[in-house]
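S.K.: Given next are the chains, with one letter for each unit.
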Amino acid sequence: MPIVKREDLLEDAAWALDVPVPERSHSALRQACCLCGEDEGEPVAVGEDFDDRERRGDSFLVLHCRACGVGYLGRPSSGHVGAANDGAHTEGAHTEGAHTEGAHTEGAHAEGAHTEGAHTDAGTVLRHRRVRRLLGRELQRGSVPARVLVIGDAAAASSFAMLLNDRKVAVDTLEHIDPSTTGGRIEPRGSRYDVAVVIDEAGRLEDPVEALATLRRCGCTRLFLVMDNFDARSCRVFRGRHWVGYDFPHRLFWFEPRAVRALVERAGFELESLRTVSAPDRWTRSTHRFLRDWSAPPWLANRFAGRAFGATVLASALEALATLSGAGSVLVATCRSRADEPTPVST
Amino acid sequence: MTAANGKARPPVVVLGAGLAGLTAARELRRRSVPVRVFEAGKQIAGLAGSFRDEDGFVHDFGAHFITNRLAAAIGVGSRCRDVKHYGETVLLNGRYYPYPFGLMRNPRFLASALAGRSVRRSVPPESAREWYIANYGRALAEQVAIPLVESWSGAPASELATSVVPPQIDRGNMHVLRLKLASRLSGRAVANGYSREKPESAHVWHVYPEGSLATLCEHLAADLDGVIQTESPVEAIFVEDGRAVGVQVKGEMIEASAVISTAPVHVLAKLVRGTDAVAHFARFRYRPLLLVNLRFHGRGLLGDVVTWTPERHLPFFRITEAPVSMPWLAPDGMTTLTVDIGSETDELLWRMPEDQLAELCVEHLQSFIPGAKRRFISARVLRTTIAHPIYLRAYESERLQLERGLPVRGLYSIGRNGAFAHILMEDVYWRTLAQMRQLITELPGAANTRADAPAPAVMM
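Going line by line, the protein sequences match chains U and H.
Numbered per my numbering, the first sequence spans residues 1 to 347.
Numbered per my numbering, the second sequence spans residues 1001 to 1460.
Calculated from the structure, these hints are not laboratory results.
As the structure is a computational prediction, the values presented were derived from the model and not from experiment.
Here are some, though not all, of the chain U residues that point toward chain H, as calculated from beta-carbon distances under 10 Å:
| hint | residue |
| --- | --- |
| 1 | E40 |
| 2 | E42 |
| 3 | P43 |
| 4 | A45 |
| 5 | F60 |
| 6 | L61 |
| 7 | G74 |
| 8 | R241 |
| 9 | W294 |
| 10 | S295 |
| 11 | A296 |
All residues carry an ideal CB built from backbone N, CA and C; glycine is no exception.
Chain U extracted, bound-state conformation (with noise of 0.2 Å):
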């Protein structure tokens, strides 16, 4: 059974990233719960795109529905709205320029929850060791996947075709969606497929609810999603705004391990298991972004950037006493699709 390369990924990706985005209208967004479609929540933090600080001042909020534990990008008024959405059309938010400049748009803010910039960090969850070695194994359970659907961005499918060479997994085909280049949504190429993995996307998802049903509906037996924990202790730390997953109004929505209970089961999956893993580098990018948000001076931020060796090992003791109490910094949900459930419909 073939394996698809890691060359073949990466170049399947820049092919996606060619081909022009489909518009996405703000209005389309839901801007509220996922799961129980209320926009009544509380906010827990005033928005600030930590990628595009100079260019724009804070806009949004970020609301938590207390009933599922999941937090979601505020809805702005017509007004911002409407001034976003021009900045779209005009200025090409979607183009690959602007990826490569790292540039947003003003237009970036409403319908970028799936422009390239809001990938700088998704992808870099399965360079974590725990996280690939706990994936490898229950990818390794169970029959041999025949057919695998990856939810990602480009680094993140090459992270998992290499993965899955490591691992030593077999399978017959490897297709990889960018819900990026869809906007927001997961339209699969093919009708059939067993195993999908959805890595870092389900909180940028247009509608996480029926994207996996969508994959259900493929016939998707087994299902794993891989995201960053909102109720991990660096997000507790960093209060959520500081915290380097936090990536709103890239992302749409973020989820509690509750919420990720409540969502794969509205979706048609049993839950198999949920645990959290360590990842240090929340840490020490985390207190990057504090100290550079709070204007401290460079050599002291820095001190935090990359892979300083004392940051590291402080924030690697610090992950560990975390994970160990069940509050890591990823989270790693393994689910298996009821056979007697009836195909779900979309909130």
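Assemble the complex: chain U is given as a structure, and chain H must be docked to it using the hints.
M.R.: Leaving out everything else, chain H in the frame of chain U:
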């Protein structure tokens, strides 16, 4: 939108197009509830209004505090600038004491505060005077707190209820210190004591619109095209069987499924017909305020952005130099001092011509601003008869009743004046949203008005 019986539902009528009224109307409209807003004045914005004069000075109705959280919620975050510094001082005997901890530099105040904290009292204080003495000690209470609250309210502290003391004033020293430290480290004016409805944190700081304060209301109103009628004072609110059913505007009867008033409650009491359930609110009093905007050459003329002046010989109790925090509110090299003078409308100060009032202020400012007379450029006086509520003990029980809601179904009194509460802008916003959600559940056929119902065309 139809009611449960299939008939078209009459609109919810909102009195007043200030921050509270517009927030209420926008929230209702967002949830597909028909709404009409009647504003008595020529323009929207009420007390949240402001204007920029021909010389480039921006004039607001008194001090306003906007946080980045409020700006984000309204959708004007990108049109606001961060306020980098905000501080308050107390001017006493010619010396500035940073508020609150700077007062402790005075040994008498320190001893007073420690004594006030150390004594446990079994009987709760009944008046504001007793509360201040019990918590601050006699020296600090009598020289600072009580003179200020009396100038603020225009009534003796012994006649004021303890609720005049804002809850945030007693949040704990560690909390205040933490936020002050965050402010210092982050280089932003972290909001400290300006929000009760939502928690304070280092991530919530003061911002201010680049244009003027009216930006907020203008943005809210942009979603309400065709809904707002200016120069349309509501003349009466009709109540039948204990429920608000309509209003009269310019002699015309308008049916309403609910009525939301942002008018001062003593005015509301006079508008309601068909019941005397709210008649007792007519005795509630608001403090009239003269806001003297004085323009000067120079900047940073005072100890900090806000200076409290408890000395009784001064005609004013507070001076605000907003351009220190928000330089864009005045041309370079110039500044505006807003002097707050509490005065009843039958007092001499209220009737004083603008130039005399300005002269009086400058004369007093001369004692602690060197060269004030030489620096003075011009003045503009704003008068409001309803600056803030006076929490008299005489009607405290009725005020507490108002906090729980009006005794008339379908009639809501919201906003700073409507709720008769000393709440700031962000609290007005969040409270109004919560009240509108409550209202929606109480409307007939409420099940139709879910958040995910199709939004009106104007919204998106």
